[in-house]
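**Student:** If you want the building blocks of each chain, they are given just below.
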Amino acid sequence: MPAFVSIRNLRKSYGTFEALRGIDLEIEKGEVVCVVGPSGSGKSTLIRCINRLESFSKESEIRVDDIAVVPGRTLAKVRAEVGMVFQSFNLFPHLTVRENVMLAPRRVRGTSRADAASQADRLLARVGISEQADKYPEYLSGGQQQRVAIARALAMEPQVMLFDEPTSALDPEMVGEVLDVMRDLAGTGVTMIVVTHEMGFAAQVADRVIFMDGGEVIETGPPGQVLSAPREPRTKNFLSAVLNH
Amino acid sequence: MDIFDTFLNAEVFLRTWPLLIQGLWVTVQLGAASIVAGLVLGLIVSMIRLYGPVPLRLLARLYIDIFRSIPLLVLLIIVYYALPFVGLRLSPFASAMTALTLVSGAYTAEIFRAGIEAIPGGQFEASAALGLSHRQTMVDVILPQAVKIVIPPLTNNSINVVKDTALASVVAMPDLLKQATQAQALAANPTPLIGAAVIYIAVLWPLVALVSRMERRFGARSR
Ligand SMILES: Nc1ncnc2c1ncn2[C@@H]1O[C@H](COP(=O)(O)OP(=O)(O)OP(=O)(O)O)[C@@H](O)[C@H]1O
Ligand SMILES: [Mg+2]
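Going down the list, the protein sequences come from chains A and B. Positions 125 to 369 (my numbering) are the ones given, in order, by the first sequence. Positions 179 to 401 (my numbering) are the ones given, in order, by the second sequence.
Some clues are possibly wrong.
[Said to hold, decoys possible] Simulated crosslink set (SDA-like; lysine to any residue; CA at most 25 Å straight-line):
| id | chain 1 | residue 1 | chain 2 | residue 2 |
| --- | --- | --- | --- | --- |
| 1 | B | K341 | B | L251 |
| 2 | A | K259 | B | Q314 |
| 3 | A | K153 | A | E289 |
| 4 | A | K182 | B | H312 |
| 5 | B | K341 | B | L385 |
| 6 | A | K201 | B | D318 |
| 7 | A | K153 | A | F141 |
| 8 | A | K153 | B | A306 |
| 9 | B | K326 | A | P217 |
| 10 | B | K326 | A | R230 |
| 11 | A | K153 | A | I342 |
| 12 | A | K153 | A | E178 |
| 13 | A | K153 | A | S168 |
| 14 | B | K326 | B | L217 |
| 15 | B | K341 | B | T359 |
| 16 | B | K326 | B | V389 |
| 17 | B | K341 | B | R394 |
| 18 | B | K326 | B | A296 |
| 19 | A | K259 | B | I297 |
| 20 | A | K259 | B | Q301 |
| 21 | A | K201 | B | Y229 |
| 22 | A | K201 | B | R313 |
| 23 | A | K360 | A | L149 |
| 24 | A | K182 | B | G230 |
| 25 | B | K341 | B | M316 |
| 26 | A | K259 | B | M316 |
| 27 | A | K259 | B | Q323 |
| 28 | B | K326 | B | A260 |
| 29 | A | K259 | B | G300 |
| 30 | A | K259 | B | V325 |
| 31 | B | K326 | B | M392 |
| 32 | B | K326 | A | L219 |
| 33 | A | K259 | B | F302 |
| 34 | A | K259 | B | E303 |
| 35 | A | K153 | A | E340 |
| 36 | A | K182 | B | Y229 |
| 37 | A | K182 | B | V325 |
| 38 | B | K326 | A | T220 |
| 39 | A | K182 | B | P231 |
Hint data in this document are derived by calculation from the structure and do not stem from the laboratory.
Take the sequences, apply the hints, and build the full model.
**Tutor:** Shown next, in the form of C-alpha cells:
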C-alpha cells in the first residue's frame with residue numbers, strides 16, 4: 125500500500141533555474157504536514173505541483189491516492205481529491221459567498237442547486253460565517269474571505285487540502301480565526317499539507333514538519349524535533365532568524 | 179437665398195423625411211447585424227488567439243492585425259467589386275455586413291483579449307484547483323468578470339460600426355447617408371443631408387454618453 129500522497133524525485137526548473145532539486149516525500153492519509161523554509165526555497169512550487177498547477181520534470185512522479193498526477197483526463201480525478209487554499213484567497217468576486225462555495229459542486233459534480241446550497245450553508249456554518257452567505261467577497265474582511273476559501277475547497281470533499289501560506293496576507297488580528305478553522309479541520313482526518321510561517325501552529329497541529337531550503341528537503345520529522353531540536357545547521361539558522369525577527 | 183431656406187428648409191425636410199427614415203432603418207439593421215456578428219467572431223478569435231494551438235494562434239493574430247490595418251472603404255470595395263471576379267457576388271447588404279463584421283471582429287477580439295488578460299491569474303488557478311474544466315472556467319468565472327471590463331470599449335466599437343455603415347452608400351446600399359444624398363439631389367437642396375447628420379447624432383449621442391458614464395462608474399468601482 126503506497127502512501128496517500130507519494131512524491132518521487134520531484135524536479136522543477138524555470139529555464140535553467142532549478143526550483144526543486146529532487147524531492148522525495150510520502151504522506152499518509154490523515155497526516156498533517158507543515159512545510160517551512162526561507163523565501164524562495166520552493167515551498168509553493170512543491171505544493172502547486174501536487175495538483176499540477178505547475179508542470180514538473182518527466183523523470184518525476186507524483187501520485188495522489190494512487191492516481192498519477194499527469195496532464196490529461198486523470199488530472200480531473202486528482203483535482204477532485206485535492207483542495208487548495210491560496211495566500212491571496214482568490215475568491216470569485218462576481219459571485220456571492222454562497223455561490224462561491226456552490227460553483228464547483230454544481231459544475232464539476234452536477235449537484236442540484238438546492239443540494240449545493242444546503243451543503244454550502246453547512247460549510248459556511250462550520251467556518252463560522254453563515255451570516256455573510258449573501259454578501260459579495262469584497263465586503264468581507266480578509267479573515268472571513270480566507271474562511272470562505274476554505275469552505276469553497278471543502279465543498280468538493282477533498283481527501284487532501286493544500287494550504288499555501290493561508291495567513292500571510294492577513295492582518296495580525298485575523299490570523300487566529302483562520303488557524304482555528306484549520307486546526308478544527310486537522311481534527312477531522314483530512315490530509316493537510318500546509319506551507320506556513322506560523323511556527324506556533326506547526327508546533328501544535330503538525331504531525332510532521334518539513335524544512336526546505338534551496339529546492340531541497342533539508343530536514344523532516346515531528347515538530348518537537350525539527351522545530352525544537354533541529355539537527356541541520358540550515359534549519360537552526362532559519363529558526364533563529366524567524367524567532368528573532 | 180436665405181441660409182435657413184438652404185440648409186434647414188422645412189418643406190424639403192418634411193417631403194424627404196420618409197426617405198431618411200427608410201435609410202435609418204437600413205442603417206440600424208446593417209449596424210446591428212454587423213455588431214452582433216462581429217461580437218461572435220471576435221469572441222471566437224480571441225479564444226483562439228489566447229488558447230488555440232500555436233499555428234492557429236498565429237493565424238488569429240494575422241487576421242487581427244490585417245483587419246485593423248486595412249481601411250474599411252478599401253475592404254468594402256474589394257468585397258463588392260473584386261470578389262465577383264472570382265465568382266463571389268454578394269448583395270450590397272451582404273458586402274457591407276461582411277466588411278463591417280470582419281473589421282469589427284478584429285477590434286472585438288483585441289477587446290476581449292485585453293479583458294481576459296486583465297483578470298488576475300489567481301482566478302484561473304482557483305478554478306483549476308477546484309477541478310473546473312477550461313470551458314467552465316471561461317463561462318462561469320472569467321467571462322462574467324471580463325464583461326464588466328469590456329463593455330465600455332465594446333460600446334465604443336459599436337458606435338464606430340454604426341458610423342462606418344455610412345460607407346456602405348458607396349456600394350449602393352440605401353442606408354441613411356445614401357437616402358439623404360438622393361433626397362438632396364431630388365430636392366436640389368442640402369436639407370436632407372443636415373437631417374441625416376442630426377439623425378446620426380441623435381442615435382449615437384446617447385451611446386457616447388453611456389460609455390462615458392460606464393467608464394466613470396466601473397473606473398470608480400474597480401478601486
Ligand atoms: N514563474 C516563475 N518563473 C521563474 N522563477 C520562479 C517562478 N516561480 C517561482 N520561481 C522561483 O522558484 C523559486 C521557488 O519559488 P517558490 O515560490 O516555490 O518559493 P517559496 O518557498 O514559496 O517562497 P515564499 O516563502 O517567498 O513564498 C524561487 O527562487 C522563485 O524565484
Ligand atoms: Mg510561496
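**Student:** Would you mind confirming whether the straight-line C-alpha gap from K153 (chain A) to S168 (chain A) stays at or under 25 Å?
**Tutor:** With a Cα-Cα distance of about 21 Å, the restraint between K153 (chain A) and S168 (chain A) holds, given a limit of 25 Å.
**Student:** Assess, step by step, whether the Cα of K153 (chain A) is no farther than 25 Å from the Cα of I342 (chain A), and give holds or violated.
**Tutor:** Holds. K153 (chain A) to I342 (chain A) sits at ~23 Å (cutoff 25 Å).
**Student:** Next pair to validate is K326 (chain B) with V389 (chain B); report whether the Cα-Cα distance is within 25 Å.
**Tutor:** Given pair K326 (chain B), V389 (chain B) holds - Cα atoms ~12 Å apart, limit 25 Å.
**Student:** Are the Cα atoms of K182 (chain A) and Y229 (chain B) separated by 25 Å or less?
**Tutor:** 23 Å, holds
**Student:** Please work out if K259 (chain A) and F302 (chain B) have their alpha carbons no farther apart than 25 Å.
**Tutor:** With Cα atoms ~22 Å apart, K259 (chain A) and F302 (chain B) stay inside 25 Å; holds.
**Student:** For the pair we were handed, K326 (chain B) and A296 (chain B), check the Cα-Cα distance against 25 Å.
**Tutor:** 11 Å, holds
**Student:** For a C-alpha distance cap of 25 Å, please report whether K326 (chain B) and L219 (chain A) respect it.
**Tutor:** At roughly 14 Å apart (the allowed maximum being 25 Å), L219 (chain A) and K326 (chain B) satisfy the hint.
**Student:** Hint check: K326 (chain B) vs A260 (chain B), CA-CA at most 25 Å. Holds or violated?
**Tutor:** Not OK: K326 (chain B) and A260 (chain B) at ~40 Å, beyond 25 Å, violated.
**Student:** Can you confirm whether the C-alpha distance between K326 (chain B) and T220 (chain A) stays at or below 25 Å?
**Tutor:** 17 Å, holds
**Student:** Measure nothing beyond the straight line between the CA atoms of K259 (chain A) and M316 (chain B); if it is 25 Å or shorter, mark the hint as holding.
**Tutor:** 23 Å, holds
**Student:** Given the proposed pairing of K153 (chain A) with F141 (chain A), does the C-alpha separation stay at or below 25 Å?
**Tutor:** 33 Å, violated
**Student:** Just to be careful, I want the Cα atoms of K259 (chain A) and Q314 (chain B) compared with a cutoff of 25 Å; is the pair within it?
**Tutor:** Measuring from Cα to Cα gives roughly 23 Å; hence the hint holds.
The structure does not agree with the numbered hints 7, 25, 28 and 37 stated previously, though it agrees with the rest.
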